[in-house]
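K.L.:
Next come the chains, spelled out residue by residue.
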Amino acid sequence: MPEAKFRIKRYDPAQSADQNGAAGRRYDEFRVPYESSLTVLEGLFYIQENLDGSLSFRYCCRAAVCGSCAMYINGAYRLACQTNVRHLGDGVITVEPLPHMPLVKDLVCDMTEFFEKYEAIKPYLMRDSVEPEKEIAQSPHERKKLDGPIDCILCGSCYSSCPSVWGEGNYLGPAALLKAYRFEVDSRDEAKKARLPSFDNERGTYRCHTITNCVEACPKELNPTEGIQWLKGAAVRRRILGRAK
Amino acid sequence: MIYHELIVVGGGLAGLRAAVEAKKQGIDVAVISQVWPGRSHSGAAQGGVNAALANHPDSADDTWEKHAFDTVKGSDYLADQDAVAQMTKDAIPIIYEMEHWGCPFSRFDDGRIAQRPFGGAGYPRTCYGADKTGHYMLHTLVERAAAAGVIMYVEWFVNRLVVDDGVCRGVVAYDMMKGGFEFFQGDAVIVATGGAGRTYGNTTNAIISTGYGMAMAYHAGVPLKDLEFVQFHPTGLLTTNILMTEGARGEGGYLVNGLGERFMKKYAPTAMELAPRDITSRSIQTEINEGRGIDGKGFVHLDLRHLGAQKILEQLPGIRDLAIHFEGVDPIEEPIPIVPSQHYSMGGIDTDMDGRTIMPGLYAAGECACVSVHGGNRLGGNSLLETVVFGRRAGAAAAEYLGGLAAKKGSAAAGEAAVIAACAQVDDLASRAGSAGAEDPYAIRLGMTTTMKDHFGVFREASVMQAGLDKMIDLKQRVRNIGLRHTGGVFNLDMIRTVELEGMVDVALAIAAGALARTESRGSHSRTDFPDRDDANWLRHTLAFNTPDGPSLESKPVALGMFEPQERKY
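If you're matching them up, the sequences are chains S and W in order.
For the first sequence, this note's numbering begins at 1 and goes up steadily by one.
For the second sequence, this note's numbering begins at 1 and goes up steadily by one.
Keep in mind the hints are simulated off the structure, nothing from the lab.
Fair warning: this is a prediction, and the values are worked out from it, not measured in the lab.
Don't be surprised by glycine CBs; every beta carbon is placed ideally from N, CA and C.
Accuracy of the hints is not assured; some may be wrong.
EDC-like, lysine to aspartate or glutamate: derived pairs with alpha carbons at most 20 Å apart [to be verified]:
#1 W:LYS178 - S:ASP90
#2 S:LYS144 - W:GLU314
#3 S:LYS134 - W:ASP109
#4 S:LYS145 - W:GLU314
#5 W:LYS178 - S:ASP110
#6 S:LYS145 - W:ASP109
Some, not all, of what chain S presents toward chain W, calculated at C-beta under 10 Å [unchecked claim]:
#7 TYR27
#8 SER56
#9 CYS60
#10 ALA63
#11 ASP106
#12 VAL108
#13 MET126
#14 LYS134
#15 GLU135
#16 ILE136
#17 TRP166
#18 GLY167
#19 PHE183
What the simulated footprint calls covered on chain W by chain S, stretch by stretch (three residues with Cβ under 8 Å from a Cβ of chain S suffice, anywhere in the stretch; the number is not a length) [unchecked claim]:
#20 37 to 48
#21 95 to 102
#22 105 to 116
#23 240 to 251
#24 279 to 289
All chains, full assembly: derive it from the sequences and hints.
P.N.:
Here is the structure:
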């Protein structure tokens with residue numbers, strides 16, 4: 001039976017650096033029975049079930065909608081569930097956790113800071129008006145502005161790929177700012193200036209230097225950079241003109 | 001020990017909606033979830049959520065009563081009609097509320113929430129956000145929970161309920177990030193852990209939809225209701241069983257067999273592709289069984305090509321992406337190969353319409369619960385609705401219960417004992433790690449998923465089911481000897497998946513026992529040896545209680561009163 005070769009970056013916090021080489025990290029190789037539909041996530045499950053029960057990774061929907069299994073696969077940001085081994089060429093498949101993130105174990109990195117920053121931008125619709133009895137009317141044109149950012153699955157790929165995040169730990173990063181954009185362009189949002197201070201500051205939009213790694217990394221093909229530039233403009237307009245949208 | 005008045009287990013739509021409601025009422029509530037809540041399986045729902053908003057030009061005279069009738073008829077009259085009435089009434093304000101909270105529903109030109117036709121519905125009443133409605137609703141509630149300041153314990157695996165003198169007092173959970181078990185003391189617990197799709201080998205469900213929450217309640221003495229009713233979605237992708245929404249047919253998609261025929265005309269001449277899921281899945285399976293699959297093989301086509309690129313890109317972009325990534329087929333260019341796939345557990349933890357179980361302090365909501373509003377067959381668009389309607393009601397009922405308690409935060413003794421029991425369970429599994437006689441948990445998992453798929457599928461028959469039940473009983477014996485492969489503390493998947501398996505086998509056994517016992521065909525439960533519905537004997541719910549000898553079955557009457565049971569025709 002044909003095989004796929006997996007090379008997986010390992011890390012076990014319970015093992016000392018001495019046992020495991022530099023900083024307790026190493027790579028292990030595994031051979032997984034190949035079939036044309038095999039995904040990287042299925043390969044990881046095969047390894048965990050049959051070859052090495054100690055392997056740790058995140059998973060949930062296996063249909064590219066939950067954002068759990070973002071990893072660094074053959075040097076690119078990908079969702080393991082959406083990545084077909086067939087498309088990775090004949091060589092070894094190298095699977096690593098999201099780079100530049102603190103490690104928990106093996107392919108699992110610590111997302112705590114990522115989600116703290118998500119919460120920091122006040123990621124919810126803000127309204128002062130008395131709600132109508134029915135829906136708040138929104139034209140298809142207004143609704144269309146939300147297409148894109150509302151598809152973000154918060155997988156962390158963009159955040160992990162952003163040099164401004166690597167260099168400046170305080171920077172909110174592309175995912176959180178894209179979420180801010182999602183609400184700022186929503187015709188129903190009445191935050192006016194309430195959300196503004198969360199991103200119009202030294203840890204917010206101005207740290208984006210339009211490197212656009214995030215655009216390349218996003219497995220949902222979203223464009224955080226564009227949203228962030230819009231936020232910069234909105235912040236300036238609001239400061240100078242006091243006008244929101 | 002960690003204390004909160006109310007512990008919600010599960011961070012999907014039902015759990016979050018319950019938590020937001022309780023928080024609104026001043027309750028100290030915390031959500032415990034195996035994954036970050038925005039990753040829950042609710043987010044995989046695609047097609048929409050039903051509410052009689054009457055926004056669609058063809059649904060101007062739609063009402064909650066008509067929604068209730070469609071639901072009851074769809075359920076093959078097994079749904080409790082009082083609960084259905086409550087759900088369809090609550091539907092209208094709760095969907096507006098989701099919209100006020102920011103849910104990005106698609107819109108009609110007049111700015112109102114867009115609605116599309118769905119299976120088994122007399123009117124186009126399924127509100128949607130493209131074909132990503134679950135994702136949009138889930139993120140909206142994650143956002144609302146953040147706004148409300150609901151406390152989240154993320155990446156904790158809840159292992160068991162803590163019961164003290166017949167009252168639920170909290171849970172024991174494994175800290176995936178740091179290792180170790182912790183007692184979460186609570187004066188009430190809401191279980192909202194989703195369905196049991198992963199007991200089947202051919203499911204649309206997320207990998208975490210194991211039914212473990214059902215098993216926890218079952219192990220604690222709470223009955224599971226109507227588990228034999230398992231929904232097979234007509235259109236799962238051939239290779240992976242990933243869901244292709246009913247909305248694809250709602251937008252006009254065709255089902256086509258190997259002869260190029262729209263075969264639904266034989267089975268549901270009026271509703272055609274928009275017959276309810278049980279009927280549509282049986283129709284597809286019949287075509288396949290009789291050799292009219294594509295090239296005589298075990299699948300048929302979902303054909304969207306005639307809808308045109310623009311409609312597919314605007315209304316069904318997610319479906320297109322999934323078909324391209326997971327099946328290598330672009331629906332604009334080619335028909336999609338599909339098979340009926342396990343999709344939904346109509347049954348679950350027996351509750352009333354406020355989420356109460358028979359155990360004081362224990363509530364359940366969402367797919368893990370059975371109110372029952374789906375009876376023998378759930379209509380598309382009613383599951384997202386159920387999560388928010390009954391999540392809210394369970395949160396409110398738990399808040400009321402907590403308000404009436406004379407004393408809170410009682411003795412921690414039962415919780416401490418439960419932590420010791422959880423550790424002993426893992427030590428026991430670990431003691432067999434690598435030993436010669438230990439069973440392989442993954443071989444047992446595969447045995448279970450294969451057995452459920454092959455013996456308790458779309459069509460059922462006594463001898464096949466009996467053979468399946470025997471296999472499950474054997475697996476239940478073997479599961480007592482499983483051993484761990486890995487004993488580490490941090491993010492130990494081997495431990496989680498092995499512990500999960502013990503619960504999954506019990507849930508699968510209850511499905512099997514209920515299916516074999518019910519000697520009629522109703523909704524999704526279709527027996528070739530008992531092809532007719534038998535209202536005289538079986539217009540009643542099955543209750544399965546856990547005993548050392550396996551599931552013990554009892555029954556419970558169905559709440560009727562609005563609609564007389566009649567034959568279902570579409």
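K.L.:
Hints first: check each against the structure and report whether it holds.
P.N.:
A quick look at each hint next to the structure:
{"no.": "1", "hint": "W:LYS178 - S:ASP90", "in the structure": "violated (37 Å)"}
{"no.": "2", "hint": "S:LYS144 - W:GLU314", "in the structure": "holds (10 Å)"}
{"no.": "3", "hint": "S:LYS134 - W:ASP109", "in the structure": "holds (16 Å)"}
{"no.": "4", "hint": "S:LYS145 - W:GLU314", "in the structure": "holds (13 Å)"}
{"no.": "5", "hint": "W:LYS178 - S:ASP110", "in the structure": "holds (11 Å)"}
{"no.": "6", "hint": "S:LYS145 - W:ASP109", "in the structure": "holds (15 Å)"}
{"no.": "7", "hint": "TYR27", "in the structure": "violated (19 Å)"}
{"no.": "8", "hint": "SER56", "in the structure": "holds (4 Å)"}
{"no.": "9", "hint": "CYS60", "in the structure": "holds (5 Å)"}
{"no.": "10", "hint": "ALA63", "in the structure": "holds (5 Å)"}
{"no.": "11", "hint": "ASP106", "in the structure": "holds (8 Å)"}
{"no.": "12", "hint": "VAL108", "in the structure": "holds (5 Å)"}
{"no.": "13", "hint": "MET126", "in the structure": "holds (8 Å)"}
{"no.": "14", "hint": "LYS134", "in the structure": "holds (6 Å)"}
{"no.": "15", "hint": "GLU135", "in the structure": "holds (5 Å)"}
{"no.": "16", "hint": "ILE136", "in the structure": "holds (6 Å)"}
{"no.": "17", "hint": "TRP166", "in the structure": "violated (22 Å)"}
{"no.": "18", "hint": "GLY167", "in the structure": "violated (26 Å)"}
{"no.": "19", "hint": "PHE183", "in the structure": "holds (7 Å)"}
{"no.": "20", "hint": "37 to 48", "in the structure": "holds (count 6)"}
{"no.": "21", "hint": "95 to 102", "in the structure": "holds (count 5)"}
{"no.": "22", "hint": "105 to 116", "in the structure": "holds (count 9)"}
{"no.": "23", "hint": "240 to 251", "in the structure": "holds (count 3)"}
{"no.": "24", "hint": "279 to 289", "in the structure": "violated (count 0)"}
Checked against the numbered hints listed earlier, the structure breaks hints 1, 7, 17, 18 and 24; every other hint is satisfied.
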